[in-house]
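**Student:** Each chain, letter by letter, is given below.
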Amino acid sequence: MSSFSVTEPSTRSKWFAGTMVIIYALVTMVPLAWIMLTGFKSPSDAISYPPKVVFEPTLEGYVNLFTTRTRQTPEYLEANPPQTWYDEIVREYDMVIAGPSKFGERFLNSVIIGFGSTFLSIFLGTLAAYAFSRFKIPFADDLLFFILSTRMMPPIAVAIPIFLMYRQLGLSDTHLGMILLYTGVNISLAVWLLKGFIDEIPLEYEEAALIDGYTRFQAFYKVVLPQAATGIASTAIFCLIFAWNEYAFAVLLTSGTAQTAPPFIPTIIGVGGLDWPAVAAGATIFLLPVMIFTILLRKHLLRGITFGAVRK
Amino acid sequence: MSETPATRAASATPPSVARKIKGLSDRAIAWIFVGPTIFLLLAINIFPLIWTINLSFTNFKANRIGREVKNVGLRNYERILSDSDIWLNMQATAHFLFWTIFFQVLIGFTLAYLINKKFKGNDLWTTIIVLPMMLSPAVVGNFWKFLYQPQIGLFNYIVAFFTGKEPSSFEMLGSVQLAPWSIVIVDTWMWTPFVMLICLAGLRSIPDYIYEAAEVDRASKLRQFFTITIPMVLPFLMLAVLFRGIENFKMFDLVVQLTGGGPGSTTELTSINLKREAFEKWRTGYASAYAIILFVTVFGLASIYVKALNKVKER
Numbered sequence: 183m184s185s186f187s188v189t190e191p192s193t194r195s196k197w198f199a200g201t202m203v204i205i206y207a208l209v210t211m212v213p214l215a216w217i218m219l220t221g222f223k224s225p226s227d228a229i230s231y232p233p234k235v236v237f238e239p240t241l242e243g244y245v246n247l248f249t250t251r252t253r254q255t256p257e258y259l260e261a262n263p264p265q266t267w268y269d270e271i272v273r274e275y276d277m278v279i280a281g282p283s284k285f286g287e288r289f290l291n292s293v294i295i296g297f298g299s300t301f302l303s304i305f306l307g308t309l310a311a312y313a314f315s316r317f318k319i320p321f322a323d324d325l326l327f328f329i330l331s332t333r334m335m336p337p338i339a340v341a342i343p344i345f346l347m348y349r350q351l352g353l354s355d356t357h358l359g360m361i362l363l364y365t366g367v368n369i370s371l372a373v374w375l376l377k378g379f380i381d382e383i384p385l386e387y388e389e390a391a392l393i394d395g396y397t398r399f400q401a402f403y404k405v406v407l408p409q410a411a412t413g414i415a416s417t418a419i420f421c422l423i424f425a426w427n428e429y430a431f432a433v434l435l436t437s438g439t440a441q442t443a444p445p446f447i448p449t450i451i452g453v454g455g456l457d458w459p460a461v462a463a464g465a466t467i468f469l470l471p472v473m474i475f476t477i478l479l480r481k482h483l484l485r486g487i488t489f490g491a492v493r494k
Numbered sequence: 200m201s202e203t204p205a206t207r208a209a210s211a212t213p214p215s216v217a218r219k220i221k222g223l224s225d226r227a228i229a230w231i232f233v234g235p236t237i238f239l240l241l242a243i244n245i246f247p248l249i250w251t252i253n254l255s256f257t258n259f260k261a262n263r264i265g266r267e268v269k270n271v272g273l274r275n276y277e278r279i280l281s282d283s284d285i286w287l288n289m290q291a292t293a294h295f296l297f298w299t300i301f302f303q304v305l306i307g308f309t310l311a312y313l314i315n316k317k318f319k320g321n322d323l324w325t326t327i328i329v330l331p332m333m334l335s336p337a338v339v340g341n342f343w344k345f346l347y348q349p350q351i352g353l354f355n356y357i358v359a360f361f362t363g364k365e366p367s368s369f370e371m372l373g374s375v376q377l378a379p380w381s382i383v384i385v386d387t388w389m390w391t392p393f394v395m396l397i398c399l400a401g402l403r404s405i406p407d408y409i410y411e412a413a414e415v416d417r418a419s420k421l422r423q424f425f426t427i428t429i430p431m432v433l434p435f436l437m438l439a440v441l442f443r444g445i446e447n448f449k450m451f452d453l454v455v456q457l458t459g460g461g462p463g464s465t466t467e468l469t470s471i472n473l474k475r476e477a478f479e480k481w482r483t484g485y486a487s488a489y490a491i492i493l494f495v496t497v498f499g500l501a502s503i504y505v506k507a508l509n510k511v512k513e514r
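Each protein sequence line maps, in turn, to chains A and B. So the mapping is simple: the working numbering equals the position in the first sequence, first residue as 1, plus 182. So the mapping is simple: the working numbering equals the position in the second sequence, first residue as 1, plus 199.
Be aware that a few hints might be false.
Label pairs and their in silico Cβ distance ranges [unchecked claim]:
hint, chain 1, residue 1, chain 2, residue 2, range
1, A, Y275, B, M289, 42 to 50 Å
2, A, P264, B, M289, 53 to 61 Å
3, A, L478, B, I245, 35 to 43 Å
4, B, L500, A, S195, 32 to 40 Å
The list that follows gives simulated cross-link-like pairs (lysine-lysine, BS3-like), each with its CA atoms no further than 25 Å apart [said to hold, decoys possible]:
hint, chain 1, residue 1, chain 2, residue 2
5, B, K319, A, K481
6, A, K196, B, K364
7, A, K196, B, K316
8, A, K196, B, K317
9, B, K480, B, K319
10, A, K196, B, K260
11, A, K234, B, K364
12, A, K481, B, K317
13, B, K420, B, K260
14, B, K316, A, K481
15, B, K420, B, K316
Now the stretches of chain A that chain B is said to cover, found in silico as 3 or more residues with beta-carbon under 8 Å [said to hold, decoys possible]:
hint, stretch
16, 218-224
17, 241-254
18, 265-275
Derived by calculation from the structure, the hints in this document are not laboratory data. Idealized CB from N, CA, C, for every residue including glycine.
With these hints in hand, go ahead and build the complete structure from the sequences.
**Tutor:** Put into structure tokens, the structure is as follows:
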């Protein structure tokens, strides 16, 4: 630091600030670290007192998460030696693997519904945002604001009529129903954010393209879209994270085929109470992608959060 | 609302250009582009709202389809507003709202202030602090239940380690006194980063020259803090409070996983109570009226708050 400035904090205050923030960050990470650790514990290590930080890691939790198991007689176990490493793990409890658990399916549902609704929100949202930004649409601002304000409704309140409506239309517990629902919830915010990004693209580019003989539609996807790419990407992240994490609608409107992971993970039951390592393994697999995503895309994400909030 | 770019854009396309455009007319394109979104919004947002209003005047029960549906007028509303249990739920919600916002503002602002000292690596640590708010509240809430276990939980162990109490002597989720605080702790852990980010945006929006001018005037650091920093961050802070307020008024997933509303109904926030009425007792008409009351309450409180916010901004 060579140049002197009155607004530049002193080295000492930087040290102090840095230390405090790092301490907070470390404390705040403890629960997350604990989830990940517990996933590699055996059930008895997971519930030991005092809580164990050093333990012998095992993949039992992960095996239990992905499989269903049955107890077998000693004769059967002796006649059928374990074939694989995961067979061996469950043999310790005199069990054999009966088949895959539902976790894989539920996780896949989360992926399908998350990406499906994000794609739809962004596709429809970008078109609408462009139109709201460039054309005169009667009551555009009031309409947007009113629609945004319906997000103040508790999700349970929205779920009552949606539940009745979906029952009539045969959309309950279907992927399509959940994709449409999440799109409907996300799209008002998506349009609002995207309109902000598109407003910032100078009109001159498009006008030049139009004069050069582009149709309005060509001008939209050849000129405007590439310039809005960053904004579209950060809006997409928000839509995806919402759909990925959503619980209230999922728990009320899905129960089987279209159930996503958040309502499923808490129902993972082991022999005699909750199987915490398996729950932790499920939570880890479900939360880790978002954490990695957040760290990799931190610039867009953090700016997006403040932009979205401050714009209103 | 910032109108300049938007209004400029809306009045866009000078006639000279418009005449030369090939293909569909602008009006047709506008409707093609907006149409599907409007349709979806009507189907998923507006229509259900109207249906809820309709249902709220009836005694409809969603689990008994054949039953005759009677119009009961305002009876549902009267019953809800005179029900003392619902006032207890409102109190639980108010307790939760007040303390989560209090702690999140306090810690969030402090963190933002410290991060704004621009020490080395501050962006990486900011990202780490932000992680909890990106995660699924239901999954996180479920796992915190494990941390709160009286004998084996990490939370109890750490508290015991620092206070010397027996770790099995208190139950965060099981005791009437502690349960309301246990949900405040998890929500604060999860959402403080949000308040922090908004405050950080506010702090970074203060131009350096204001502090330089204050320095020239020999204003002390403390004075600069109270006459420059606080007033200029206040609109941002109030915005963060608005968002957290609305979100926590709707709070469902985290708390339902943590406590399920218990013990008794000490942590039964309005959303959890609403779920009970609508999807366990199946009193659909009654729950609809309840939903409308909640919506009007948030909407009313938020509108008043936004008015205050705009006044602060104008200063």
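**Student:** With reference to the structure, classify each hint as holding or not holding.
**Tutor:** Consistency of the hints with the structure:
no. : hint                            : in the structure
1   : Y275(A) <-> M289(B): 42 to 50 Å : 48 Å, holds
2   : P264(A) <-> M289(B): 53 to 61 Å : 57 Å, holds
3   : L478(A) <-> I245(B): 35 to 43 Å : 37 Å, holds
4   : L500(B) <-> S195(A): 32 to 40 Å : 39 Å, holds
5   : K319(B) <-> K481(A)             : 17 Å, holds
6   : K196(A) <-> K364(B)             : 37 Å, violated
7   : K196(A) <-> K316(B)             : 6 Å, holds
8   : K196(A) <-> K317(B)             : 7 Å, holds
9   : K480(B) <-> K319(B)             : 56 Å, violated
10  : K196(A) <-> K260(B)             : 62 Å, violated
11  : K234(A) <-> K364(B)             : 19 Å, holds
12  : K481(A) <-> K317(B)             : 16 Å, holds
13  : K420(B) <-> K260(B)             : 63 Å, violated
14  : K316(B) <-> K481(A)             : 19 Å, holds
15  : K420(B) <-> K316(B)             : 14 Å, holds
16  : 218-224                         : violated (count 1)
17  : 241-254                         : violated (count 0)
18  : 265-275                         : violated (count 0)
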